[in-house]
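Novice: So you can see what is in the structure, the chains are spelled out below.
Protein chains: 2
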Amino acid sequence: MIKDWFYDKLKENIGELRYEHSLRVMEKSVELAKIYNVSVEKAAVAGLLHDCGKLKGGINLLKLAEDFDIILDSMTKNNHELIHSVLGAAIAEKEYGIVDEDVLNAIRFHTTGRENMSKLEKIVYIADMIEPGRSFEGVDDIRKLALVDLDKALILSIDNTLKFVIEKRKLIHLDSVKARNQLLIQKSME
Amino acid sequence: MIKDWFYDKLKENIGELRYEHSLRVMEKSVELAKIYNVSVEKAAVAGLLHDCGKLKGGINLLKLAEDFDIILDSMTKNNHELIHSVLGAAIAEKEYGIVDEDVLNAIRFHTTGRENMSKLEKIVYIADMIEPGRSFEGVDDIRKLALVDLDKALILSIDNTLKFVIEKRKLIHLDSVKARNQLLIQKSME
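These protein sequences, in sequence, are chains F and S. Be aware that the first sequence starts at 1, since it is given in our numbering, and climbs by one per residue. Be aware that the second sequence starts at 191, since it is given in our numbering, and climbs by one per residue.
A hint or two may mislead.
To be verified - Computed list of lysine-lysine pairs in PhoX-like fashion (alpha-carbon distance at most 20 Å, straight line):
id, chain 1, residue 1, chain 2, residue 2
1, F, Lys152, F, Lys170
2, F, Lys3, F, Lys94
3, F, Lys119, F, Lys144
4, F, Lys163, F, Lys34
5, S, Lys193, S, Lys284
6, S, Lys193, F, Lys178
7, F, Lys77, F, Lys9
8, F, Lys119, F, Lys178
9, S, Lys342, F, Lys170
10, S, Lys284, F, Lys168
11, F, Lys170, S, Lys353
12, F, Lys152, F, Lys34
13, F, Lys168, S, Lys267
14, F, Lys168, S, Lys368
15, F, Lys178, S, Lys360
16, F, Lys163, S, Lys284
17, F, Lys144, F, Lys168
18, F, Lys77, S, Lys368
19, S, Lys342, F, Lys168
20, S, Lys267, S, Lys193
21, F, Lys77, F, Lys56
22, S, Lys377, F, Lys170
Unchecked claim - Selected chain S positions facing chain F (in silico; Cβ < 8 Å):
id, residue
23, Lys358
24, Ile362
25, Leu373
Please keep in mind that the hints were generated in silico from the structure rather than gathered at the bench. Fair warning: this is a prediction, and the values are worked out from it, not measured in the lab. By construction, the Cβ of each residue, glycine as well, lies at the ideal position given by its N, Cα and C atoms.
Chain F extracted, bound-state conformation:
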């Protein structure tokens, strides 16, 4: 699924630092895919391309999203952090030729999460949070948990996102809260 030219194009589009982060997310996604019996190929490409919408050089993501005929909800429209995921799914499809819906969704929802996430979506969300370059209080707990319980690791990952967003006084996407609530309810019934 990954073509050789993906690497050069991605580095050119998102810059060296984000590219290196993407490689680490790819590796971590592959590691988790093996544990949870998910296609390694899909995990690799979704991990590699998850930030392909974070275009460098001051490009107007909102304008670009409009050019791609992407309909954004009002919250996403006002949040650079959220636009890049939705835009990324469109770029992965149109510029990298990705057609697998699960891969595209893993890119689209890697920032907010959502209800009923697939295993691949969960893996990329978590891998993005715990790749070796990340450091925040509690990250090692999530790293360990990710190897044994994907859903618990996802709850902790979402919690981390929520705490970050609260501290930064940014809007909280309802999809993140819905994802977390659903996981907590499922866990409480196990």
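Place chain S on chain F using the hints.
Specialist: Below, chain S alone, put in the same frame as chain F:
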């Protein structure tokens, strides 16, 4: 609006400690009502009765809510903390004879908040958070802010609730997030 017998009935129903907390919330609500030009009488009764649904003695709040023909959303149904507010509004109406919708809503939404809160609803939510018996990191900041900017104090109060709920691994009510998002958007446009 407050009848003399409210005090004895409330103390009897919710217990000494919660009763004393209620008196402090009443006082704080009155203080804020004066600052923000809200009816002192409404603030007093809403503050006093805000926890009138927290019945002591192991009463089944869910069962009682059903007896009152209260329709609970699925999240509230599973959360004792949330039931007491909705139940409290029904008790305030049926047992204390409160008819003022704004007072009833201040009781009903003092735990979750919601979009488009009235000034009275904001006051009771905040008063409950900052009455002198409360101590948590940052409470003094909210106390000071409450005297000069009701909405900013409310955002911080909701943030505190969300952080608490996240730490406790409890479900986050979407109404709290919607309330916070709306306030942040309004503040950003001022």
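Novice: Quick one: which hint numbers does this structure break? Sort them smallest to largest.
Specialist: 1, 4, 6, 7, 10, 13, 16, 17, 20, 23 and 25
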